[in-house]
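Visitor: Here's the letter readout for the chains.
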Amino acid sequence: MEVLDYIWLGVQAVFLGPEAFSVLGLPISITILMVLAGFLVGIMVGATPGLAGPVAMAISLPILISAFGYSEDALLPVLGFLIGVMKGATIGGAVPAILFNTPGTPDAYMTTLDGYPMTQRGQAKKALRIAHFSSASGDTFSDVVLIVCAPFLAIIVEAYLDLPEKTALFILSLSFIAAVIGGSPAKGLISTGLGLLAVYIGTGEDFYPRLSFGTEQLASGFPIASAVLGVLVIGAVFKGLEELWLEKRTSGNIAVVQDSGDQRLHVGDIKRLFPFIARSAFVGTAIGALPGIGSTLAATLGYTLGKSRHKKNKEDSDPNFGEGAPEGIAATEAANSSVSGANLIPVLSLGIPGNAAAVFLILAAESIGGFNPGPAVFKFTVDEVNPELVIVFGLFTTMFIANGLNWTIGGIFMRSMGIMIRIPKHILLPIVLLLALTAIYVQETNMAAIGFTLAFGVLGYFMRTLAISPLPFVIAFILGDKLEQSARQAFAATGGDPFFLFTSPVALVFMLLSVGVIIYATRKPKANS
Amino acid sequence: MLKSMFKATVAAVAGLVIATSSMADWTPPGPIKLLIAFRAGGGADTQARLIAEELEASLGWKFIPEQVTGKGGVNLLKALSGMPNDGTAIGMAVTESLGYNLRSANAGLTAADFTGLSTTAGFQLAIVGRTADGWKTMHDVIAAAKEGKDIRFGSMSPRLADMAYLMEEANGVQFNVVAYKGGKAVLDAINAGDVDVGFVAGPQGKGVAAGDLVELASALSKPLNATPDAPLMSDLGVDFDADGYFVFVGPKGMPAEAQEAFGEAIASVVSNPDLKVTKIINKVFGGATTIQGTELDQLLQDGYEGAGALMEAVNQ
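So the protein sequences, as listed, match chains E and F.
Each residue of the first sequence is one higher than the last, beginning at 50 in the working numbering.
Each residue of the second sequence is one higher than the last, beginning at 4 in the working numbering.
Any given hint could be a false lead.
Unchecked claim - Residues from chain F that keep clear of chain E, each with C-beta distances beyond 10 Å, as calculated: (1) Leu62; (2) Thr292; (3) Asn318.
Said to hold, decoys possible - With a Cα cut of at most 25 Å, we get these calculated PhoX-like pairs of lysine-lysine: (4) Lys184(F) x Lys65(F); (5) Lys184(F) x Lys531(E); (6) Lys286(F) x Lys209(F); (7) Lys428(E) x Lys184(F); (8) Lys286(F) x Lys428(E); (9) Lys428(E) x Lys209(F).
Think of the hints as simulated: they come from the structure by calculation, not from any bench.
Everything numeric in this text was worked out from a predicted model, so none of it was measured.
Using N, Cα and C, we set each Cβ at its ideal position, and we do this for glycine too.
Go ahead and model the full structure; you've got the sequences and the hints to work with.
Guide: Now the structure itself:
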């Protein structure tokens with residue numbers, strides 16, 4: 050088995066996998082169909098203010114698992130769908146941002162700054178085309194970087210990191226995530242700590258289920274889907290309902306501006322935009338590779354960098370950033386879209402999720418089984434096939450199918466999505482709530498799970514009210530078990546050395562960085578002010 | 004002549020009816036909750052789900068599979084013990100869950116609180132190492148440990164960790180016993196070089212056949228299929244073995260006809276060589292073993308009692 054054989058097997062696993070139906074004798078694999086479905090759903094939810102990719106992923110995951118079952122054949126269709134949603138939502142988010150000055154996803158906020166002024170000038174279609182082109186370019190670039198980097202990173206990790214170093218790496222990533230998500234490291238640490246506390250209920254090595262107060266409901270721990278959906282989705286719904294209740298509904302009239310002038314994207318436009326797209330794609334990819342930072346910061350950084358370049362190079366007649374400059378849209382969209390691919394680098398090579406979308410990919414892999422993202426996946430075994438590696442290359446194939454869809458039909462579909470803004474929130478939110486609870490029940494088939502989900506929803510609501518980001522909670526919940534296991538293993542493997550985290554230089558560096566990143570994040574605001 | 008043929012036919016038909024009637028006599032009063040003690044997607048989980056699928060197809064019984072993982076199957080047993088014993092709730096675990104694990108959990112339950120339905124397969128439980136390390140049997144590993152090499156020993160359950168400990172005691176060496184969840188995780192750790200040797204119960208087959216891995220010892224009371232020459236636990240100074248089976252159980256006091264119907268139905272699935280599940284069992288677990296009825300109840304009871312002896316030996 051050579052590397053090329055694995056790539057080929059991965060491609061085959063997608064195209065020749067279980068077939069949905071055949072057209073003129075040509076079998077269409079279910080995986081391709083699921084990528085398409087996910088991509089279209091993704092664009093729709095991305096274009097709907099109040100929904101985002103992770104919400105759709107959260108709700109569809111349990112339903113998909115119950116439909117496809119737990120066999121290895123289920124992995125690629127389910128993961129393909131989720132990847133489709135992830136990519137679709139990224140381009141969908143720009144639609145309401147450009148057309149109605151309302152970002153569909155938080156990372157599209159910067160797109161409103163130049164997108165909406167272009168719409169007001171009658172250039173809506175052109176703005177959408179620029180957003181789509183930049184987004185698809187950034188996304189594709191990021192995927193290429195992922196495919197090139199992830200295997201090497203995994204092999205380095207596997208070759209040089211022993212059990213204590215792996216434990217230290219988990220601690221470092223949790224500390225990093227706590228420090229960078231949500232602005233305040235203290236709040237980040239609270240969120241992380243709550244996540245760890247929740248995941249450690251009922252689990253552990255001992256036969257007595259710890260922290261369960263002797264109750265049977267807590268003895269097997271919280272179902273992972275309850276915790277993740279509860280805090281991320283139900284919490285957001287509760288918060289949304291509250292906001293709806295507080296705000297007087299603004300008048301529903303949406304101004305429609307007639308398009309005027311040339312709406313096409315010319316080669317000259319692309320040439321002019323290219324430096325902005327390239328720069329933002331690099332920024333987004335670099336940020337995406339670090340766990341936890343996310344696409345909103347990437348968009349902000351890409352926009353800011355683009356702005357300073359534009360100031361120097363623009364002609365006097367060109368609009369400034371913020372006044373409807375096509376370069377502004379390009380810089381933002383290329384940056385926020387190039388996060389998604391690179392975000393899978395830590396997921397696949399370390400098993401560490403960096404954002405909400407990655408959380409659901411890991412969740413899918415863990416729920417279905419047979420694929421455990423982490424350094425062991427990238428073992429290029431020669432004598433026998435490593436099935437997990439085939440799945441990885443299958444995954445890469447689905448990403449490129451999604452990119453292909455993005456380049457071909459994505460733009461057309463996206464430009465028809467302006468209608469999604471008309472869905473009123475007071476109808477949307479209860480539907481999301483109902484769907485999420487149904488999804489939980491489908492997967493867990495017991496009422497206790499529903500109760501837990503609602504309780505986590507209340508927790509998520511309060512966290513949002515107190516401006517504590519729920520994402521560190523979720524990531525800590527997912528990593529908590531791995532962290533405990535690797536810590537116990539490292540402790541045992543070193544013959545019970547209590548200082549196992551500090552004896553090897555690599556582990557020591559990771560531990561110092563874990564403390565350092567928190568201190569640095571705490572001091573930064575003071576330096577600025 | 005004709006008359007006797009007719010008689011024979013009647014007798015044959017009657018015989019058939021009688022033979023099938025014990026299975027047809029009992030039908031579950033509703034959908035059956037199937038609790039599974041293993042991580043979704045693993046070999047054991049697949050086995051449980053495939054058996055359920057086959058029973059749905061052949062008998063029309065309806066199964067609702069549900070994962071109740073954790074605590075080496077004790078979580079499942081606790082959940083199962085509170086469920087109705089009319090055949091609408093059964094669980095799949097391993098015999099160790101009802102033995103060592105149940106006993107050390109001290110959960111107020113014993114093996115007698117469950118009705119044994121059928122085992123499906125035993126394990127090819129071996130101590131596995133990498134061929135590249137040059138060890139041929141566990142004796143070589145012990146010799147290396149005596150020379151001062153740190154040996155990391157992967158284990159997937161406290162019972163096996165106890166056995167590793169007894170092996171240390173008997174041979175005057177010390178291992179660093181590292182706990183993993185499931186044999187597949189131990190195997191990954193061996194392949195990744197995180198541990199030197201470890202207990203694996205089946206998934207090592209491919210690697211052993213390919214020559215990358217070596218079975219250094221059998222953890223069973225009998226030799227391994229792939230490496231019959233590997234020393235047994237008794238050759239290594241340990242008086243215990245880790246024989247064990249996948250087992251379907253129900254709550255205490257299930258009706259005898261339900262117990263029998265499940266036993267027969269499960270046995271008929273895992274002994275049918277054309278089915279996918281049987282192929283998996285043959286490949287990974289070295290073939291089906293169906294122990295049922297009073298023999299199974301006795302096996303579970305012995306496992307529970309025997310666990311006490313192992314714990315005592317460790318604590319001495």
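Visitor: None of the hints should be skipped; say for each whether it holds.
Guide: Hints versus structure:
| no. | hint | result |
| --- | --- | --- |
| 1 | Leu62 | holds (20 Å) |
| 2 | Thr292 | holds (24 Å) |
| 3 | Asn318 | holds (16 Å) |
| 4 | Lys184(F) x Lys65(F) | violated (31 Å) |
| 5 | Lys184(F) x Lys531(E) | holds (11 Å) |
| 6 | Lys286(F) x Lys209(F) | holds (9 Å) |
| 7 | Lys428(E) x Lys184(F) | holds (20 Å) |
| 8 | Lys286(F) x Lys428(E) | holds (23 Å) |
| 9 | Lys428(E) x Lys209(F) | holds (15 Å) |
Hint violations for this structure: number 4 only, all remaining hints satisfied.
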